[in-house]
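**Q** The residues making up each chain are set out below.
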Amino acid sequence: MILFIQQILNGLTLGSIYSLVALGLTLVYGIMHIPNFAHGAFYMMGGFVAYSLMTKAGVPYWPAILCAAAVSAVIAMVSERLVFRALENALPLHHMIAAIGILLFLEALAHAIWGAEFHRMPTPYTGSVTLAGLSLPTQRILIIVSAFVLMVALNLFLRKTLLGTAILAMAQNREGAFLMGIDANKISLLTFAIAGALAAVAAALFAPINLIYPTMGELVIMKAFVIIILGGMGSISGAIVGGLIIGMAEALAGFYVSSDYKDLIAFAVLVLILALRPEGLFTKGMR
Amino acid sequence: MLQLDAVTVRYGNFTAIDRVDISLTHGEITVLLGANGAGKTTLFKTLSGLLRPVSGTIIFDGRDITRSKPTEIVRLGLVHCPEGRKLFPALSVEKNLLLGAYVHARDKAGVQRALEEVYSLFPILRDKAQDEAGSLSGGQQQMVAIGRALMARPRLLLLDEPSLGLAPLVVKQMFEVIARINASGTTVLLAEQNAYGALKIAHKAYILEQGRIILQGDPQKLLADDRVRRAYIGI
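Residue numbers (our numbering), protein chains in the order written: chain A, 1205 to 1491; chain B, 442 to 676.
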């Protein structure tokens, strides 16, 4: 039983990270219909920036995470401005090619700056909390709580502020939003910035129990795509629930089946869910 | 108030709007009649900045808005209520309306006043304020669309086929509402296929066919014109 609860906790941790990454991906897809593979690179850059600030510049953990979020937000905005906006009227395939191009470019850049080695990020939260015979590593609890707080904050922003509502409006009816004087360029930049920041925070939270390396974003972005496809492209609740489903499935299958197959689970779940519900778990469209 | 001079719009090689001249007078309702595909929606999208003309000029209140962006045009007071409503279906009626006032968001008191005005024009929307816009009936959705456009404080309101898909009784109410909006000082350009109802409330009318203005003038005279009766009224 204790082992099972440990696995649930692991699943929640993984799921929180996946949800944060998938949220940014689904937001960008919702308003611009871009399958943004470069999102994996925003995640990776966030990890490296936080790592460098902590190990080279001696910046404490939380400020380092904030800086990483800011850097990834800027990288995301620059790629929107320089690449995706130039392709505004291009075929959808071109967006995908450009996104993969940005991913490869940023991976090469990280390779040039930090090398190909694997790095482990330090964390001040190395201990664990013991609760009713369960040993809960502090970093994992931190991940779950931070992800939860960010999701609540994002939700409040989207539902309670005019700017957030404008993002939802643009996802629901682009032309209607333009006719109300909503500035498409501003909303696109803002959405990319939010997505980049969320990805960076996810990476910096996850890095102490994982590793940092230039291609670390690839598997994560693949899984994030699985999540938003099964949750319904552009659906916010779909990204959160989908992230948790994939995280749980990986943790449980990794433990009870074989950890060699854990990366396969996400794709097996995708095939299974799409076979039963081809439209995804949630209705399409941002709500 | 609005002056179109030889405006031409193309989609690739297809000329959708061909050297159209239109002139609107302040305070009037002008009707643009035309069948499906005549170019009414294309013309409206050009006026609101969603499409760019290849030639010609559009002057609104003395300013050249031919190449302005939609957001600038809305700020100037030219607001387009689109065909098919283009609501935000999963947002509440109230949020749809508040987004209409997006460019005036800083003026909180003004936004509240405009919201009250829309609610007094369409009292049913006050009861449905927290419902998702997509859950409303067609007529109510059209009210949300017009209300949302009014929230942007138009001096010139473009209404693209507001009667489309509505029951005859609701269409009649819709035309009454448009006349009321006009009576309160808003200039209106109305695109319609429902010639009879539209010509009844109009001060001036244009007939668009295959991207060209083929007839224009006094609505009463057009109502009596045989060609108009045959093509648009069906008598």
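If you're looking for bench data, these hints aren't it; they were derived computationally from the structure. If you're wondering where the values come from, they're calculated on a predicted model, not measured in any experiment. Any given hint could be a false lead.
[As the list claims (entries may be wrong)] Which residues of chain A face chain B? A partial, calculated answer using Cβ under 10 angstroms:
no.	residue
1	1382
2	1384
3	1385
4	1422
5	1466
Just so you know, even glycine gets a beta-carbon here, dropped at the ideal spot from N, CA and C.
**Q** With reference to the structure, classify each hint as holding or not holding.
**A** Evaluated hints:
Given the 10 angstroms rule on beta carbons, the hint for residue 1382 of chain A holds: about 5 angstroms separates it from the nearest Cβ of chain B. Because the beta carbon of residue 1384 of chain A sits about 5 angstroms from the nearest beta carbon in chain B, less than 10 angstroms, this interface hint is met. With 10 angstroms as the threshold, the beta carbon of residue 1385 of chain A comes within range of chain B, its nearest partner Cβ sitting at about 3 angstroms, so the hint holds. Here the hint on residue 1422 of chain A is broken, as its CB sits about 33 angstroms from the closest CB of chain B, past 10 angstroms.
The beta carbon of residue 1466 of chain A is not positioned within 10 angstroms of any beta carbon in chain B (closest approach about 35 angstroms), and the interface hint is therefore violated.
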